[in-house]
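Q: Listed here are the chains, written in short residue letters.
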Amino acid sequence: MLDSTDSYVTSDGRTIGGVVMEMKNITLRFGGVVAIKDISFDIREGEIRAIIGPNGAGKSSMLNVISGFYVPQEGQVMFHGKPRPQMKPYEVAQQGIARTFQNIALFEGMTVLDNVMTGRLNKMSSSLFAQAIWRGKAEQEEIENREKAEKIIDFLEIQHIRKTPVARLPYGLKKRVELARALVSEPSILLLDEPMAGMNVEEKEDMSRFILDVNDEFGATIALIEHDMGVVMDLSDRVVVMDYGKKIGDGTPNDIRNNQAVIDAYLGVAHD
Amino acid sequence: MPEQIVFAMEVFLNGLMAGVLYALVALGFVLIFKASGIFNYAQGVMALFSAMTLVGIMKGQVPFAHVINVIFGTDVHYFGWTVPALLAIILTVVVMVLFAWAVQKYIFRHLVGQEPIILFMATIGLAYFLEGVGDLMWNSEIKKLDVGLPQGINEAIDNYTFNIFDYGFFIDNLDIVATLIAALLVGGLVIFSQYSKEGRAMRAVADDHQAALSVGVSLNFIWIMVWSVAGFVALVAGIMWGTKSGVQFSLSLIALKALPVLMLGGFTSIPGAIVGGLIIGVGEKLFEFAIGPMVGGATENWFAYVLALIFLVFRPQGLFGEKIIERV
Amino acid sequence: MFYREAGDFKTSYTDDNQTFPIKFDRYRYYVVLAVAFGIIPFLINDYWANAFLLPFLIYSIAAIGLNILTGYCGQVSLGTGGFMAVGAYACYKLMTVFPDVNIFFHVIAAGGITAIVCTAFGLPSLRIKGFYLAVATLAAQFFLVWLFNKVSWFYNYSASGQINAPERTVFGVPVTGANTEAWATYLFCLVFLAISAIIARNLTRGMQGRKWMAIRDMDIAAEIIGVNPMRAKLSAFAVSGFFIGISGALFFAVYLGAAEAGDSFGIQKSFLVLFMIIIGGLGSIFGSFAGAAFLVLLPVALKLVGVDFLGWPTDIVAHIQLIIVGALIIIFLIAEPHGIAQLWRVAKEKLRLWPFPH
Chain R
1 MLDSTDSYVT
11 SDGRTIGGVV
21 MEMKNITLRF
31 GGVVAIKDIS
41 FDIREGEIRA
51 IIGPNGAGKS
61 SMLNVISGFY
71 VPQEGQVMFH
81 GKPRPQMKPY
91 EVAQQGIART
101 FQNIALFEGM
111 TVLDNVMTGR
121 LNKMSSSLFA
131 QAIWRGKAEQ
141 EEIENREKAE
151 KIIDFLEIQH
161 IRKTPVARLP
171 YGLKKRVELA
181 RALVSEPSIL
191 LLDEPMAGMN
201 VEEKEDMSRF
211 ILDVNDEFGA
221 TIALIEHDMG
231 VVMDLSDRVV
241 VMDYGKKIGD
251 GTPNDIRNNQ
261 AVIDAYLGVA
271 HD
Chain F
273 MPEQIVFAME
283 VFLNGLMAGV
293 LYALVALGFV
303 LIFKASGIFN
313 YAQGVMALFS
323 AMTLVGIMKG
333 QVPFAHVINV
343 IFGTDVHYFG
353 WTVPALLAII
363 LTVVVMVLFA
373 WAVQKYIFRH
383 LVGQEPIILF
393 MATIGLAYFL
403 EGVGDLMWNS
413 EIKKLDVGLP
423 QGINEAIDNY
433 TFNIFDYGFF
443 IDNLDIVATL
453 IAALLVGGLV
463 IFSQYSKEGR
473 AMRAVADDHQ
483 AALSVGVSLN
493 FIWIMVWSVA
503 GFVALVAGIM
513 WGTKSGVQFS
523 LSLIALKALP
533 VLMLGGFTSI
543 PGAIVGGLII
553 GVGEKLFEFA
563 IGPMVGGATE
573 NWFAYVLALI
583 FLVFRPQGLF
593 GEKIIERV
Chain D
601 MFYREAGDFK
611 TSYTDDNQTF
621 PIKFDRYRYY
631 VVLAVAFGII
641 PFLINDYWAN
651 AFLLPFLIYS
661 IAAIGLNILT
671 GYCGQVSLGT
681 GGFMAVGAYA
691 CYKLMTVFPD
701 VNIFFHVIAA
711 GGITAIVCTA
721 FGLPSLRIKG
731 FYLAVATLAA
741 QFFLVWLFNK
751 VSWFYNYSAS
761 GQINAPERTV
771 FGVPVTGANT
781 EAWATYLFCL
791 VFLAISAIIA
801 RNLTRGMQGR
811 KWMAIRDMDI
821 AAEIIGVNPM
831 RAKLSAFAVS
841 GFFIGISGAL
851 FFAVYLGAAE
861 AGDSFGIQKS
871 FLVLFMIIIG
881 GLGSIFGSFA
891 GAAFLVLLPV
901 ALKLVGVDFL
911 GWPTDIVAHI
921 QLIIVGALII
931 IFLIAEPHGI
941 AQLWRVAKEK
951 LRLWPFPH
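As given, the protein sequences belong to chains R, F and D, one line each in that order. Here the first sequence is numbered in our numbering, starting from 1 and rising by one per residue. Here the second sequence is numbered in our numbering, starting from 273 and rising by one per residue. Here the third sequence is numbered in our numbering, starting from 601 and rising by one per residue.
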């Protein structure tokens with residue numbers, strides 16, 4: 001097994017660093033329902049880590065624990081080797097964790113550009129008064145951040161719809177805009193909740209390309225929940241498999257492919 | 273027993289009575305909100321309009337007399353007949369059902385799926401509209417309403433309490449009747465909503481319009497039914513308040529009083545409307561009795577709202593309302 | 601053909617961020633400004649000032665304020681009347697306690713005081729949402745009106761319970777009191793409106809505006825991407841309170857001259873301003889103007905037609921006013937829930953393509 005301090009280079013030339021986040025014995029309950037039962041795994045810097053499992057396994061809840069939205073009753077979330085203190089969701093965003101959502105959570109009253117710009121809000125600090133006057137510091141900051149946002153818009157090829165109200169966009173483009181919003185905050189960790197859901201083959205290929213490019217060019221650590229096995233096998237460095245709130249597999253895609261427990265879970269073999 | 277406590281008891285009892293009337297008005301709101309998600313600001317004006325119509329029919333007024341006279345230069349006011357109370361009430365109910373049908377057809381059918389605030393604004397528009405129509409139809413002078421309900425101090429209670437406390441409680445007969453009628457209405461509505469087929473359909477509609485449609489519930493029918501029942505409740509409230517203080521504009525302001533009742537009780541709960549009404553009724557009167565003199569009185573103008581506000585901060589869904597769960 | 605963007609390329613983000621990117625719009629804006637500042641003061645008379653222009657200017661400021669809170673940030677408030685009262689009474693106390701300070705500063709200070717009060721009443725919004733919040737703001741409305749009626753310090757212990765605006769001047773010209781001239785009061789209010797509109801525009805086009813709209817559209821997602829909901833909501837209440845307070849101060853001091861809390865700032869005011877932003881268009885500065893103009897003009901127009909033209913008695917016309925306002929609100933909500941601003945936007949879209957249909 002790899003020592004947590006080792007970094008290594010993958011076959012396609014990317015550098016995977018040491019452990020950046022670690023889930024230690026996480027248990028999450030909602031009233032009487034145990035959503036996550038004693039799960040531990042880690043995420044290394046620069047890798048693409050998939051979280052997979054049948055429906056209802058607790059994957060989204062796990063992502064919410066990673067992002068700090070849910071606080072586990074037991075266990076700890078370690079961030080850069082130290083236990084992460086309980087914080088409000090907006091403070092977590094300031095720590096450099098960005099995410100997309102399973103059922104799109106874009107701001108439907110705004111344009112694509114405005115939505116993407118909201119991702120920059122932690123980088124902008126002009127006061128209310130400065131913004132009221134606009135000329136000078138506030139405008140300057142707006143222009144600087146606009147440039148950064150446009151880079152991401154270019155990268156994700158959504159320039160042609162930047163002034164379109166988000167509500168009018170088809171599903172696939174909305175997902176891309178959400179990815180842009182998450183990316184534009186220059187996150188150290190990017191959480192993607194079913195980024196391919198509802199897409200056709202072409203759209204999935206595009207999205208996969210973008211995810212790989214994000215990891216490659218921006219060096220972002222990515223944790224993603226995904227159902228499409230082909231995507232998972234192609235994209236990820238390592239995989240965590242969940243079923244009924246428990247971890248039933250943890251390793252490279254090849255390890256998982258041959259894991260009997262995982263196969264059973266997906267085929268629906270009866271559990272005790 | 274010390275005097276203040278005896279007075280307080282009287283205030284408490286009167287507060288309960290007032291609370292029952294509030295609950296009655298709040299009921300109309302709960303019905304419509306349960307079935308359509310609309311908070312009907314016009315409920316108060318509906319109470320006013322139904323009371324005005326009742327008086328107008330009873331006295332044999334010519335509808336729109338004033339306008340007709342201005343346009344045609346005539347001078348008609350009354351038909352010359354009077355209508356007995358019971359028949360007039362039935363006719364007024366017919367008018368309110370027609371009103372429910374019209375409201376459904378011309379307004380809310382076109383607003384399906386809109387946000388709650390838009391629906392609320394529509395009911396404010398409706399309130400203005402109905403107030404104008406009511407004034408135009410029956411003129412806006414204060415009218416006395418008398419359908420034969422007993423009024424005045426209840427002698428039995430007066431004597432009884434005098435014997436015990438050396439002080440006769442002033443409990444109005446009308447309030448007692450109102451309480452009984454309200455209790456009957458509430459009981460009937462609860463039974464209806466919980467146990468009847470239509471009541472179940474109504475609750476289905478309140479939950480999810482689309483889903484209810486898909487199991488074959490006729491939204492239109494349910495909504496007309498709900499608005500008619502609300503109209504009937506408004507009429508009863510209008511009769512009670514109108515007998516007490518005369519049929520005039522201030523009747524429509526009860527709508528505003530119902531709001532804190534609903535905030536306390538939860539917008540979707542019939543028992544909540546009752547409990548909320550009683551708490552507000554008693555709370556208002558006791559607060560005014562105890563604290564009012566120290567701050568110059570008239571605390572009833574705002575006490576209910578502040579109470580509800582404080583309550584909401586700790587329990588946003590009210591006493592009996594459904595917990596609001598938000599998911600990402 | 602004349603309303604075109606072809607060939608009008610933006611080469612900098614600054615240009616792209618303009619309020620009026622299309623040339624035609626920009627020129628139209630300059631013309632409106634020129635007429636408003638340069639021509640109307642010479643043509644205005646007392647009747648038009650009082651019947652239309654002053655209420656339009658003053659209500660526009662209130663509408664902008666409420667639009668920021670409700671239209672941009674999604675926090676419904678039915679307390680506008682009460683907050684206008686705060687502005688009015690604050691201005692009155694300042695005028696009487698500091699008679700030597702120019703009223704211009706008093707109005708701004710009144711706005712500041714209202715901002716603080718509004719923020720305090722906005723605290724429940726951290727726990728209560730949507731419709732419930734609207735009802736909670738009624739607590740503010742009723743309590744404030746009661747407060748200004750009961751606590752006689754607010755109206756300097758006068759027997760009538762009313763507050764009266766003493767005469768004040770700006771650059772020697774009276775803008776309050778009995779000796780004002782239409783052009784002076786008009787310009788005084790116009791200046792405040794212009795400043796308010798510019799500030800509102802700047803705030804809503806930048807990150808603050810985006811934070812507000814994010815809270816409005818999906819507050820949980822907004823919090824997850826980093827918006828501090830308390831700061832965002834309270835800042836909306838504060839900014840909104842500032843504008844509404846200025847509007848209340850002007851309404852009392854310049855327009856009415858005398859006021860009494862219950863009559864002038866009751867719940868009907870709250871509804872009126874809310875109607876203005878709904879009919880005008882939520883989340884739109886232009887919509888605030890449009891709604892204010894519409895609802896100020898409507899009763900004037902109805903009175904002209906009903907009383908002056910048709911000769912009907914005023915009480916019937918008053919009843920008909922209620923009917924028409926109620927019906928119009930419903931019609932607008934059904935036909936165009938995004939208000940006049942949306943109608944305007946659609947018209948401009950069509951104009952951009954004209955003479956092509958699509």
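Since the hints were made in silico from the structure, they are not lab data. A hint or two may mislead.
Lysine-lysine pairs mimicking BS3-like chemistry, simulated, CA-CA at most 25 Å apart [as the list claims (entries may be wrong)]:
hint	chain 1	residue 1	chain 2	residue 2
1	D	Lys-610	D	Lys-903
2	R	Lys-37	R	Lys-24
3	R	Lys-148	R	Lys-174
4	R	Lys-137	R	Lys-88
5	R	Lys-163	D	Lys-623
6	F	Lys-415	F	Lys-516
7	R	Lys-163	R	Lys-148
8	F	Lys-331	F	Lys-415
9	D	Lys-693	D	Lys-729
10	R	Lys-246	R	Lys-204
11	F	Lys-331	F	Lys-469
12	R	Lys-174	R	Lys-137
13	D	Lys-610	R	Lys-163
14	D	Lys-623	D	Lys-903
15	R	Lys-163	D	Lys-948
16	R	Lys-151	R	Lys-163
17	R	Lys-123	R	Lys-174
18	D	Lys-950	R	Lys-163
19	D	Lys-948	R	Lys-151
20	R	Lys-246	R	Lys-24
21	D	Lys-693	R	Lys-88
22	R	Lys-82	R	Lys-24
23	D	Lys-729	R	Lys-137
24	D	Lys-610	R	Lys-148
Derived list of chain F stretches under chain D, where covered just means 3 residues or more per stretch with a C-beta under 8 Å from a C-beta of chain D [what the hints assert, rightly or not]:
hint	segment
25	330-342
26	365-374
27	473-484
28	557-563
29	572-581
By construction, the Cβ of each residue, glycine as well, lies at the ideal position given by its N, Cα and C atoms.
Q: Take the C-alpha atoms of Lys-82/R and Lys-24/R, compute the straight-line distance between them, and say whether it is at most 25 Å.
A: The hint holds at about 11 Å.
Q: Has the given pair, Lys-610/D with Lys-903/D, been kept, meaning a C-alpha gap of at most 25 Å?
A: violated (48 Å)
Q: Starting from Lys-729/D, check that the Cα of Lys-137/R is at most 25 Å away, please.
A: violated (34 Å)
Q: Take a quick look at whether Lys-137/R and Lys-88/R sit within 25 Å of each other, Cα to Cα.
A: Outside the cut-off at roughly 29 Å; violated.
Q: Can you confirm whether the C-alpha distance between Lys-610/D and Lys-163/R stays at or below 25 Å?
A: holds (14 Å)
Q: Taking a Cβ-to-Cβ distance below 8 Å as contact, does the segment 473-484 of chain F have at least three residues touching chain D?
A: Not satisfied, violated; 0 residues make the cut.
Q: With a Cβ-Cβ cutoff of 8 Å, does the segment 572-581 of chain F contain at least three residues near chain D?
A: Three-residue rule met by the segment 572-581 of chain F, so holds; n is 6.
Q: So if I understand the rule, the pair passes when the alpha-carbon distance is 25 Å or less; does Lys-163/R with Lys-623/D pass?
A: holds (18 Å)
Q: Would the hint linking Lys-610/D and Lys-148/R be met if the CA-CA limit is 25 Å?
A: holds (18 Å)
Q: Taken at face value, is the distance from the CA of Lys-163/R to the CA of Lys-950/D at most 25 Å?
A: holds (17 Å)
Q: Within 25 Å, alpha carbon to alpha carbon, are Lys-37/R and Lys-24/R?
A: It holds: about 11 Å lies between the C-alpha atoms, which stays within 25 Å.
Q: Does the structure keep Lys-163/R and Lys-948/D at a Cα separation of 25 Å or less?
A: holds (16 Å)
Checked against the numbered hints listed earlier, the structure breaks hints 1, 4, 9, 10, 11, 12, 14, 19, 21, 23, 26, 27 and 28; every other hint is satisfied.
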